[in-house]
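Quick note, the sequences are listed as chains A and B, same order. Quick note on our numbering: the first sequence kicks off at 1 and runs consecutively. Quick note on our numbering: the second sequence kicks off at 1 and runs consecutively.
These are calculated hints, taken from the structure and not from any lab test. The structure displayed is predicted, hence computed values, not measured ones. All residues carry an ideal CB built from backbone N, CA and C; glycine is no exception. One or more hints might be untrue.
[Stated by the list, open to error] Per the computed footprint, the stretches of chain A lying under chain B, defined by three or more beta-carbons under 8 angstroms from a beta-carbon of chain B, are: (1) 84 to 93; (2) 101 to 115.
[Claimed, not checked] Listed next, the in silico BS3-like pairs over lysine-lysine satisfying Cα-Cα at most 27 angstroms (straight line): (3) A:K9 x B:K140; (4) A:K47 x A:K36; (5) B:K70 x A:K47; (6) B:K70 x A:K9; (7) A:K28 x B:K70; (8) A:K88 x A:K101; (9) B:K38 x A:K29; (10) B:K140 x B:K38; (11) A:K36 x B:K70; (12) A:K149 x A:K103; (13) B:K318 x A:K9; (14) A:K9 x A:K88.
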Amino acid sequence: MGLVPGIVKGLGVTGGTLLRTVFPGGVKKPIPAPIKGAQTVQYPHEKETPVARARGVIALHEENCTSCMLCARECPDWCIYIEGHKEKAPPRRAGGKPRQKNKLDRFDIDFALCMYCGICVEVCPFEALFWSPEYEFSEPHIADLLHDKSRLHEWMTTVPEFEPYEAGASVKLKKVPAL
Amino acid sequence: MMILSELAYWESTSLRVVGGLAAVLLMAGTLVYIHLFKLVSFMQSRLGPMETGPYGSLQLLAEVGKFLQKEDIFPRKADRFVFAAAPFVILMSTFLLVVVVPGGPDAWFIDSDLGIYLAMAVSSVSVIGILMAGWGSANKYSLMGGLRATGQLIAYELPLILAVVGVVIQAGTMNMQGIVLAQADGSIFGWSGIGNPFLLTQAVGFFVFMIAMQAELTQSPFDMPVAESELVTGYMTEYSGMRFLMFFIGEFATAGVFSAIAAVLFLGGWYVPGIDSASNAFNVIGPLVMLGKVVFLSFLVFWFRFTFPRFREDQLQKLAWKFLIPIALVNIVATGILKVAF
């Protein structure tokens, strides 16, 4: 593209956006209404709903966790802290041996360190970790960004039902457990 | 300001100071609000400041309050006097520029026969202020920014002045009022319906003047000296608080004043077609007409600013020396020949 057409086209882009923002009604209704024309929303007054797969905060479904530590080991920031102990569980069939079960004592994610890569959610083999689109969890004190397992469990209420992939995709769906 | 001549010296001087302050601060405020806050936001399909006052109209006061609270930091190795004085030098050149711009037949600060010459002369004072800021900061980024700014401003001062020369030849005067009247009372091939705004006859000059003005104001795409991503805003790196605010006011007030000068030179200043130029009505509507033209021309400046990415240093110098100066010179020669011929 030549120099002059390029300059004119560039001015057209910004000028066109200006006109579309100030006059969203177009030529038929030339009333300045930038609040309607702007693509953005005025955040604290008005909120956009994030898409269902948005990566806001990580939720923990405690019952599924076996404290296998895969997430803690894969975490690039080492921001997941897990402690657990073994417990005897009643046998599956009458007369059987009591089973051993890992009981979770502590499951903390430090969101001050977390970089929202989602590797923990990916590697969890027991469907215990989920992405929630909830994003408003800033805190005045940095220590409060360490969410313990009850707090992480509360986020489960905000996890949306998993949207199916497009037709023909072979990926197994991740079932969001009911609380 | 006809009354100025009847007042005592101190009275007229204090009136001029108050008028100049109002002209500079209101101009900077208006341009920052209209263009920097709103226009650029709309061009990016957003709203800009909306919280302070209706449509964010009080945001400026909040910004000024913020800057006034900030600490005035001096770098340890700074040349303290030079560092402290630089923003005043820059602001002073802006105030001196405002002085020559007429707002109406009787609304002027000084009515000098050397008006536009004076404007071009004092506009170069800001280069010294920028170099002082760059040197005084004792910071390599500041120094580089200051040197780049100096190179750029000197390079673009030439086309700026050469573009003005064409207007001066055509108007036959360097007096700003004279230039306005020459356009108001002029005629296009005998038709005097809209006077003769030099925008028509000096279109090349206007084109050169606007580009050179953009560069003089170090507005993007000519913002190499203050390139924030490589020079950390160049000569302003070490400034904070009040002194940074002064740079900021200087930048935007100068944008307004240069637009006003361009309006006088090419758009007929305070004159609007349809009213006799000797009419007393221009003392009332003249300043408003002037404001409208200033807002329009600075709109062009900021439209360019918000559209284009910055030039590389060599492209920038090439544009001035190999393109703008030759066509400005050709424009002068053509204007001179046509002036003699007709």
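Hint by hint, here is what the structure shows:
no. : hint            : in the structure
1   : 84 to 93        : violated (count 0)
2   : 101 to 115      : violated (count 0)
3   : A:K9 x B:K140   : violated (38 angstroms)
4   : A:K47 x A:K36   : holds (15 angstroms)
5   : B:K70 x A:K47   : violated (33 angstroms)
6   : B:K70 x A:K9    : violated (42 angstroms)
7   : A:K28 x B:K70   : violated (49 angstroms)
8   : A:K88 x A:K101  : holds (6 angstroms)
9   : B:K38 x A:K29   : holds (21 angstroms)
10  : B:K140 x B:K38  : violated (34 angstroms)
11  : A:K36 x B:K70   : violated (36 angstroms)
12  : A:K149 x A:K103 : holds (12 angstroms)
13  : B:K318 x A:K9   : holds (23 angstroms)
14  : A:K9 x A:K88    : violated (73 angstroms)
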